[in-house]
Amino acid sequence: MSVSVTDTIVAISTPPGRGGLGVIRISGPQARAVAEAILTFPNTASWQPRHGRMAHLADRDGHVVDQVIATFFEKPHSYTAEDTVEVSCHGAPVVLRFAV
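The opening residue of the sequence shown carries number 1 in full-length UniProt numbering; numbering runs sequentially from there.
Derived from the structure by calculation, the hints contain no laboratory data. None of these values were measured; they are calculated from a predicted model. Careful: at least some of the hints might be erroneous.
Distance ranges between label pairs, derived from CB positions [as the list claims (entries may be wrong)]:
#, residue 1, residue 2, range
1, R18, N43, 30 to 38 angstroms
2, V94, G62, 13 to 21 angstroms
3, H90, H51, 18 to 26 angstroms
4, A33, A81, 16 to 24 angstroms
5, T44, P93, 26 to 34 angstroms
6, S46, P15, 13 to 21 angstroms
7, A33, I12, 14 to 22 angstroms
8, R18, P49, 28 to 36 angstroms
9, S88, D59, 14 to 22 angstroms
10, Y79, P16, 17 to 25 angstroms
11, K75, I12, 18 to 26 angstroms
12, E36, H63, 14 to 22 angstroms
13, T44, R18, 31 to 39 angstroms
Here a beta-carbon is modelled for each residue, glycine too, at the ideal position from N, C-alpha and C.
Given these sequences and hints, build the entire structure.
In structure tokens form, the structure reads like this:
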């Protein structure tokens with residue numbers, strides 16, 4: 001597998017195992033587009049850096065799997081210095097794997 005520095009990467013950011021909360025990090029030039037493809041937002045508010053937005057993580061049929069908070073970090077003011085969306089969800093391993 002070849003990874004380019006211009007790729008957008010999606011990964012579980014919390015350690016393996018059960019926990020109350022888990023974090024999925026989406027980092028790269030298409031971070032917001034990827035987040036918008038996997039999440040549905042109950043309101044039409046636009047992305048604002050460092051502000052969380054309530055959203056639903058849904059399956060392909062539109063069934064809600066989890067209620068989440070998505071936070072956008074605009075480059076270079078993120079952990080990776082790229083556009084990043086952090087999705088905070090319930091920490092069950094099945095939810096985290098589903099999101100990725």
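Lying within 30 to 38 angstroms: is that true of the beta-carbon distance R18 to N43? Because 31 angstroms falls inside the window, the suggested range holds.
Starting from the hint 13 to 21 angstroms, judge whether the C-beta atoms of V94 and G62 obey it. holds, 19 angstroms
Tell me if the beta carbons of R18 and P49 are separated by a distance inside 28 to 36 angstroms. holds, 31 angstroms
Taking the Cβ atom of S88 and the Cβ atom of D59, is their distance within the range 14 to 22 angstroms? Hint holds: Cβ distance 19 angstroms, inside 14 to 22 angstroms.
In this structure, is the beta-carbon distance linking T44 and R18 contained in 31 to 39 angstroms? Since the Cβ atoms of T44 and R18 sit about 35 angstroms apart, the hinted range of 31 to 39 angstroms holds.
Range hint compliance [Cβ, S46 to P15, 13 to 21 angstroms]: violated, 33 angstroms
Take a look at whether the Cβ-Cβ distance between A33 and A81 falls inside 16 to 24 angstroms. holds, 19 angstroms
Distance restraint evaluation - A33, I12, Cβ atoms, bounds 14 to 22 angstroms: holds, 20 angstroms
Please test the hint of 18 to 26 angstroms on the beta carbon pair from K75 and I12. Given range 18 to 26 angstroms: holds, Cβ gap about 22 angstroms.
Consistency of beta-carbon spacing, H63 to E36, with hint 14 to 22 angstroms: Holds, since E36 and H63 (Cβ atoms, about 18 angstroms apart) stay within the stated range.
A range of 18 to 26 angstroms was offered for this pair. Does it hold for the Cβ distance of H90 and H51? holds, 21 angstroms
P93 and T44 - C-beta distance against the hinted 26 to 34 angstroms: Given a distance of about 32 angstroms, which is inside 26 to 34 angstroms, the answer is holds.
Checked against the numbered hints above, the structure violates only hint 6.
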